Amino acid sequence: MTQINFTFDGVSYQGRSGDTLATALLRNGVLHFTDSAYRDRPRGIVGLGYEEPNALVNVDSGAGEPMVPATTIELVEGLVVRSLAGVGDLPDTRDTSRYDKKFRHIDVLVVGAGLAGLKAAAEHAAAGKDVVVCDDQPAPGGHARLIDAEIPEELLHVLTLPNVTYLSRTTVTGLYDQGYSVAIERRTDHISSKVSTDKARIRVWHFRAAHTVLAPGAFQRHLVFANNDRPGIMLSHAAATYVAKYGVDIFKKAVVITVDNQGYRDAIRLHNAGVNVVAVVDVRQKISKESKAETRKVVKALGIRVIKGSTAINTEADSKGCVKSVTIGNIVGDTGETIDADLVAVSGGWTPTVHLATYIGIKAEWKRKKAAFVVKHHSEFVSTAGMLDGKFGGNDEPAVFFGVEVPSELAADAFIDYQRDATLRDIRRAIGAGMRSIEHVKRYTAIGTAHDQGKTSGTITMGLISQRLGKQPDEVGSLTFRPPYISVPFAALAGRERGLLLDPVRITTIQDLHVAADAPMEDVGQWKRPWYFPQGNETRHEATLRECAATRGSVGVMDASTLGKIDIQGPDAAEFLDRVYTNMFSTLKVGQSRYGFMCGVDGMVFDDGVTTRLAEDHFLMTTTTGGAAKVLDWLEEWLFTEWPELKVYCTSVTEHISTVAIVGPKSRNVLGKLAPSLDVSNEAFGFMENRYADVAGIPARIARISFSGELAYEINVDAWYGAHIWEAVMSAGAEFAITPYGTETLHVLRAEKGYVILGQDTDGTQTPMDLGMDWIVSKKKDFIGKRSFARSDTARAGRHQLVGFMPVDGSVVIPEGAYVVNESDAGSKPPFRHVGYVTSSYMSAALGRSFALGMLANGQARHGDTVAIPYDGNVVMAQVTEPIFFDKENTRRDG
Amino acid sequence: MLNIPCPWCGPRDETEFHYGSEAGVAYPENRDEISDEEWGKFVFIRSNPKGWFAERWVHSAGCRRWFNVWRNTITHEFGPTYKPATQQPASPQ
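Chains A and B are the protein sequences, given in the same order.
Here the working numbering runs 91 ahead of the position in the first sequence, where the first position is 1.
Here the working numbering runs 695 ahead of the position in the second sequence, where the first position is 1.
With the rest of the complex left out, here is chain A (with noise of 0.2 Å):
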């Protein structure tokens, strides 16, 4: 048997090659584990697996990992371990191990490799169906393995069959509709405490499975009794199986209380174990001849003691808060002798695992025959066996008991959640404050909220409710959980998703142009795009009031390629256009360019951009970054749902072409060095108006359209030319000083013309009209939304419209977002009456002042008034204004 060291609480241990962290330190003698998080009262190993709600761990080895039952991490040389009272820390190191995903459609899912489990799998693998067996044990046998009964050879064989997959150490975690479910296998932590440089230390499964059977198997139940919390009271499965499979010989003298059969079998493993089992506690004091033969009978031929219709009341505690002795009385609480012991092994009862089945709305039943809540369903997508389905192996003959009734003054220190340290007195009050519900129990008392989710306790706390009320543990709710059914470590639900393969990026052609230019980047969905271009040790701020100066002052360069574009070609194309868009499109000559909105059934504003007519049946529409797949879907639903009868087609050709904007006075002088064949004059090249032409020797596609009130032109390239274009650009430039700017300079242009953008400006709830455009709604014909104009609530007095605010005090910038509120309001406490809200907010290198934009109640009729903008404990007063600044007779346009 190989030795393997592992350190516990700074404390070096040694265990044996088979062990579980549990089995270890209980052979080493640690019985008192913890303290519990809220009552500071010492707690021990209480369960055998994930039911455990005392003894958890931090992994500070490998991985590292918060929060584990000690029950479940398999010991491994070098492992390292802290006691936790209540929450875990992550390490502050990075996880370096890989953790990877897998997707399968299979035929069968088995959860558990049970004799139940193992059973079905061989069936269905008879029947020739792909089926895998997921287990969360290292090896499969379930109840019979830690029993070390026989499991059947021919059992075992179809794990090996080549239609059949066995994933041990695979917990399934999540039961789904339509045969989904997902798992999470352990690959590498019971091989090594250092982190796997080989394998994937989680691999998380997405079934998509046929039929799934479900035979998880069960859980035993602990009962409530006074200081039942103590470290050497455990579950009775637990102990005797710690004593007789994992030679754990630290016990002299059990007691073991029982509510049924379980408990005598327990007993004479421990006897023979050899622990002086001194008495067996039995609740009942009938039970059929069958289990007479079975069980009193065997227990009183070993010499142990048997105790009828009594149950443990109190137990006391030696020096180091273990358990001592116990009291026992009849079950209504009258006290009677107390038996020496160190070991209390309690048999409360099966709970069998009922997760999976009530995640997807199966209800589990209360069966009183068998003291438990089980789930036997059969239907095409799903199967139960086992204990799950109520077959409990051997007739157990529970009592349907949870603990006694304590008097008052103990019912303080008789335990139900003990991660919660939740008790019979919480259960009482919530009774008292009139709660009946396990719903309203639960979330009164906060039991089953800790991280083993209820496992032990929730059954026990339906019980005791019911048997408080009078009524049957079905009539006060139901058994449900939501997954996971243990804890999942976030790393393993990333899996290969992170860093840079989190989330897809999104960059032009010109991107390494901007990345040498130092330029800091701004995320506008997937895109990633300059966000302004410092010089030296330039601040934001700096760089922003340069870049806008030198733009109005001469000429400035952007690149624009992100902007959404939609090809849309078709004979009924103006026609399909003219619906969807509030002003008219089939008006438009080819070769010219429009600015439009777009509007929800609601009459929303809910996108914008320039459309080009290229041909009579062929339009290029831009939308906002941000806005271009949501634009697409819509087009497409139109389409395919209302307007089947219109000819027309969609395509997303947002990264076929890149757009390189020159904006500014100097403009026409950059685009007539780089396009000397093209007549670039005012008279030639008018204002929406487009020409082909070759650009720095490539054929372009330009555009005279403007978002900042200057002349500008917008250049379309080939996408792969892009980064050629912006290099001819900047040389051509050069003698006029051209200047790189960013998004934020793009927002301070546009907003000192007043021009919104969408989802920064308007947040849905904003029609053409409160932006106060009602010159892009066309009156001759109907398009989305228009309808909505006329209800009452759109088309009433009052509502909030665009309006600048003009800060008094101009060197201050209100932060965008801020609330209005009436000059009368100003000094007033929160909450404030607010009238308004800010939306865009800048310091404007043109105005050499700042200046912002925002909704106001009524705002078009209260440009003039003072509003005052209360934040951070100031008090800003500004004057309203009609929402432009600058350039207000457009007379920059043409340069």
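Quick caveat, the hints were computed from the structure, so don't treat them as lab data.
Every value quoted in this text rests on a predicted model; they were computed, and no experiment measured them.
Keep in mind that the hints are not guaranteed to be accurate.
Claimed, not checked - When the alpha-carbon atoms are kept at most 27 Å apart in a straight line, the in silico DSS-like pairs for lysine-lysine are as follows:
| no. | chain 1 | residue 1 | chain 2 | residue 2 |
| --- | --- | --- | --- | --- |
| 1 | A | Lys380 | A | Lys210 |
| 2 | A | Lys285 | A | Lys192 |
| 3 | A | Lys285 | A | Lys388 |
| 4 | A | Lys872 | B | Lys736 |
| 5 | A | Lys210 | A | Lys193 |
| 6 | A | Lys721 | B | Lys778 |
| 7 | B | Lys745 | A | Lys871 |
| 8 | A | Lys738 | A | Lys680 |
| 9 | A | Lys380 | A | Lys391 |
| 10 | B | Lys745 | A | Lys454 |
| 11 | B | Lys736 | A | Lys877 |
| 12 | B | Lys736 | A | Lys870 |
| 13 | B | Lys736 | A | Lys721 |
| 14 | B | Lys745 | A | Lys467 |
Mind docking chain B on chain A? Use the hints.
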């Protein structure tokens, strides 16, 4: 995760689809004539039944086409699927 029967592609994972609300809610023909209340019903009101519900989906990460399908809102079971502008099959019940 639902397994949604696309009438063109067959059953696929829910992540490939986008939801499109209730099926069979027609865009009113006589928009200028109907009352605010009737128009408001079209814009804002959808039924929300417990049980079988005919709804629209679009297979956005697949064929990008729209379709209708019966779904049970309690059991999440799917009934018949049908293409737009075809006769709606009877509710499975």
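Quick rundown of the hints versus the structure:
Distance check on the hinted pair: Lys380(A) and Lys210(A) sit about 30 Å apart at the alpha-carbon level, beyond 27 Å; violated. Simply put, Lys285(A) and Lys192(A) have alpha-carbon atoms about 21 Å apart, close enough for the 27 Å limit, and the pair holds. This hinted pair does not check out: Lys285(A) and Lys388(A) have alpha carbons roughly 51 Å apart, beyond 27 Å. Distance check on the hinted pair: Lys872(A) and Lys736(B) sit about 23 Å apart at the alpha-carbon level, within 27 Å; holds.
At roughly 26 Å between alpha-carbon atoms, Lys210(A) and Lys193(A) fall within 27 Å of each other, so this suggested pair holds. Between the alpha carbons of Lys721(A) and Lys778(B) the distance comes to roughly 22 Å, so the proposed pair stays at or under 27 Å and holds. Note on Lys745(B) and Lys871(A): the hinted pairing is violated, with a Cα-Cα distance of about 44 Å set against a maximum of 27 Å. The straight-line distance between the Cα atoms of Lys738(A) and Lys680(A) is roughly 20 Å, inside the 27 Å bound, and the hint therefore holds.
For the hint pairing Lys380(A) with Lys391(A), the CA-to-CA distance comes to about 15 Å; that is within 27 Å, so the pair holds. With a C-alpha separation of about 18 Å, the suggested pairing of Lys745(B) with Lys454(A) holds against the 27 Å cut-off. A hinted pair counts as satisfied when its Cα atoms are at most 27 Å apart, and Lys736(B) with Lys877(A) qualifies at roughly 15 Å. With a C-alpha separation of about 24 Å, the suggested pairing of Lys736(B) with Lys870(A) holds against the 27 Å cut-off.
Under the criterion of a C-alpha separation no larger than 27 Å, the hint pairing Lys736(B) with Lys721(A) is consistent with the structure, at around 24 Å. Between the alpha carbons of Lys745(B) and Lys467(A) the distance comes to roughly 25 Å, so the proposed pair stays at or under 27 Å and holds.
The structure shown violates the earlier hints numbered 1, 3, 7.
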